[in-house]
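Assemble the whole structure, with the sequences as input and the hints as a guide.
In the order they appear, the protein sequences are chains A and B.
Numbering-wise, the first sequence is residues 1 to 492 according to this note's numbering.
Numbering-wise, the second sequence is residues 1001 to 1492 according to this note's numbering.
Read the hints as simulated data drawn from the structure, not as lab findings.
Small disclaimer: the values here were computed from a predicted structure and weren't measured.
Do not rely on the hints blindly, as some may be mistaken.
To spell it out: a stretch of chain A is covered by chain B in this simulated footprint if at least three of its residues, at any positions, have a beta carbon under 8 Å from a beta carbon of chain B; those stretches are [as the list claims (entries may be wrong)]:
hint: 1; stretch: 23-37
hint: 2; stretch: 53-64
hint: 3; stretch: 109-122
hint: 4; stretch: 454-463
Simulated crosslink set (BS3-like; lysine-lysine; CA at most 27 Å straight-line) [to be verified]:
hint: 5; chain 1: A; residue 1: 332; chain 2: B; residue 2: 1054
hint: 6; chain 1: A; residue 1: 22; chain 2: B; residue 2: 1103
hint: 7; chain 1: A; residue 1: 251; chain 2: B; residue 2: 1103
Glycine included, each C-beta is placed from N, C-alpha and C at the ideal position.
Number of protein chains: 2
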Amino acid sequence: MSKKLTSRTEDYSKWYNELVVKADLAENSAVRGCMVIKPYGYAIWEKMQAELDKKFKETGHQNAYFPLFVPKSLFEAEEKNAEGFAKECAVVTHYRLQNDPDKPGKLRVDPEARLEEELVVRPTSEAIIWNTYRGWIQSYRDLPLLINQWANVVRWEMRTRLFLRTAEFLWQEGHTAHATKAEALDEAKLMNNVYANFVENFMAIPVVQGVKTESERFAGADETYCIEALMQDGKALQAGTSHFLGQNFAKAFDVKFANKEGKQDHVWATSWGVSTRLMGALIMTHSDDQGLVLPPSLAPNQVVIVPIYKSDEDLNAITEVANSIITDLRAKNRTIKFDNRTTHRPGAKFAQHELQGVPLRIAIGPKDLANGTVEIARRDNLTKETVSLNDLVNRVEELLEDIQASLYKKALDYRDSHITEVENFDDFKNVLENKGGFISAHWDGTNETEDKIKELTKATIRCIPLENKEEEGVCVYTGAPSKQRVLFAKAY
Amino acid sequence: MSKKLTSRTEDYSKWYNELVVKADLAENSAVRGCMVIKPYGYAIWEKMQAELDKKFKETGHQNAYFPLFVPKSLFEAEEKNAEGFAKECAVVTHYRLQNDPDKPGKLRVDPEARLEEELVVRPTSEAIIWNTYRGWIQSYRDLPLLINQWANVVRWEMRTRLFLRTAEFLWQEGHTAHATKAEALDEAKLMNNVYANFVENFMAIPVVQGVKTESERFAGADETYCIEALMQDGKALQAGTSHFLGQNFAKAFDVKFANKEGKQDHVWATSWGVSTRLMGALIMTHSDDQGLVLPPSLAPNQVVIVPIYKSDEDLNAITEVANSIITDLRAKNRTIKFDNRTTHRPGAKFAQHELQGVPLRIAIGPKDLANGTVEIARRDNLTKETVSLNDLVNRVEELLEDIQASLYKKALDYRDSHITEVENFDDFKNVLENKGGFISAHWDGTNETEDKIKELTKATIRCIPLENKEEEGVCVYTGAPSKQRVLFAKAY
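Structure (structure tokens):
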């Protein structure tokens, strides 16, 4: 397989698909719309999980596990949620296969083994969880209930893309219960903020925090907070959402508590999630035509050492130096790999590590041995420098920090230069087609206008930014009065 | 809810079911046979996962993720495996629900949205993984391929019990590919050994390593290695299995590689797994009539501090001492919790921590403050001692180590005193009914005898121990000659 990628300018979408496969991150499977996450891709996801899990626990949440299946009668209990997911859910109807009498060696579903009640493979777990919470919550003493689950979910999407939109995906879903509306709202905002901090500080991706319009809200939510990122092709990507669910699920599943005065009231709820879609955001934000570019915080290997040698004697001497570097960097909690495979030449190794986005590559050859130096290559800007062994550990630390900061800054500069304020619909269409990015424009606040703009341009309202300032204006489409701008974009 | 448990002698099975629920480990869900793993139970499972995952990585394995669904045509490809799991699998037949025209507000499966090919919810992933490996393996350079997956699987069991046998359970499944039979056999044995070490050293449960007889083998395996533990009621529990799969899956899915000489050959395979069933083993091995007993290695909180006070002044002084203890023990990497809830009295806290198996409880009251002491209570043997604050950290360390060792020793003594050699079938039945445990007996090596003994006594051959010595004898049932003893038991 050729390692050369289609360039981003040539075909951004093809570049992405090729990169995901060639960098060994994921591939399509035999199951329609479902992916295989390969070890290298999964190692990055594990790093994301570890960091997020730590942040959830620091904010008082505990993990638990709820069933994969949702009985149909529970699935349909919260009407809006059911309506939102009914069209894309996988349904288990039978619990047994049998030998197919017409086709020797083949199996078929056993018609006798039909379930009394169909089971929906969870597209999200509010229904099964709130049905469980009814048994867990009696009094204000049981609140708040702060639970997270790491799980797989299934949404039967028709058009799928690796990481960005797959029929099955991995995610975490937080589900919390509170005594008051204010506390639930605070929780929803807090977790959106946890997501924003993680995505900015670990993934090096700037995000806009905002709330969704009514038509873009999660099915069953009263308010959806979100973080929106911008990809290099000018399209937005929703990186995480946090929902204030009001008392909708508590009412649908009859979850009440006795407050301090002994009065019964329905519980207030939130749910929030991020998924393997974040992998798509990570890949699309930083990578280039040479392949993946990873922020050091999430790179499975932050440094790779490649020996360049002709004799066993050279290799032995290089190995000794490499081992000492490895010891020193591991003491600094850095992940480092010595690529001493004998099956590949240095050039092939360089190409592979470049394709896979290893932040720093150290090459050591006989000349370096003689000079007490090594060559360090940065993946992000493809520059090289020669460093004395004595300064190496400090220099590696500096470079890793600089790469993390540079990637964020580059993405931020791109994002900030792609938020365009427009005042009329011609400019709106013009910017959308020729420049892309977020369009900051006034909107009259109606679903109709939002739908019409989407129909005409494919742009949706990504969010109403939390940090919006009030500003008098007129709707970019209808000319009706408006008090604030919202962010439009084409989106993944 | 009363916290008092049914005693083990009164009704062991009821004791277990009550304990799991009352100690907040898990509960039944609205989905037949599926459980909810509650936060406290999940915290123990997370500790198991972390340790196992570390061991897998240390032995060269990488994690990955494969689809939840197995298309029927792949599921049926390896005949024995398909036959073994066909009778208990959940099958997705539709991908959409719609409003039920006959029942307003209700949903039904959309008859138009029937899948062309049914999808089996994975009961195990050999089929989907080996179908994927075909694309990953071309040459000996691609081998060995050492991959593990943490996942949920579904087996539609008719009689389920929390943790021990549930329709959905969580597990890890390793799937490896090798160039030679010898290497695959070594891998299967190595991973069985990794399991044995984990279960003995972390779970404090002694195990017998052995191989399964043909009729007890995993469907599709040429050899199944296993670890067998003994519960307090004298029944055995299979705690983990590691399979040598020969070339069965490679042949079913046409996975070949070019060896060093350029010749094509089918790949050799293993698979191995442990599941949330280990939680059942953990609970049943150590716990008592007061509730859960946990080995310190797996306790979410190894130590809990309960303040005993009447005035705020006392509480403030106790809190100061508690914080200093917490700082010192966290510096030793111990997990410790200060239970300063004002909603519960000390007696209720003591009862809860006893029920939930916290290894050490430290109580601090005004008298302790005056004397510079605390009271430490061990959960395993329910003894108490007064310890000077100056000696506390060292004493806690000693006690935690002693509890871990004592639990193992106690379980080992029980297990060793419940391996009974018998020479005839009357003794076999007698020991099985009146004493339980493992029965070490000669067996003629045939499936027929194994089946007959199972039919007559419900005892199965748990394993042929790896450390068996050769010994001339006659089959306990047929009197036919035999060269070694095997271990029989009734089992979970």
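Which hints, by number, does the structure contradict?
When the structure is compared with the hints, numbers 4 and 6 turn out to be violated.
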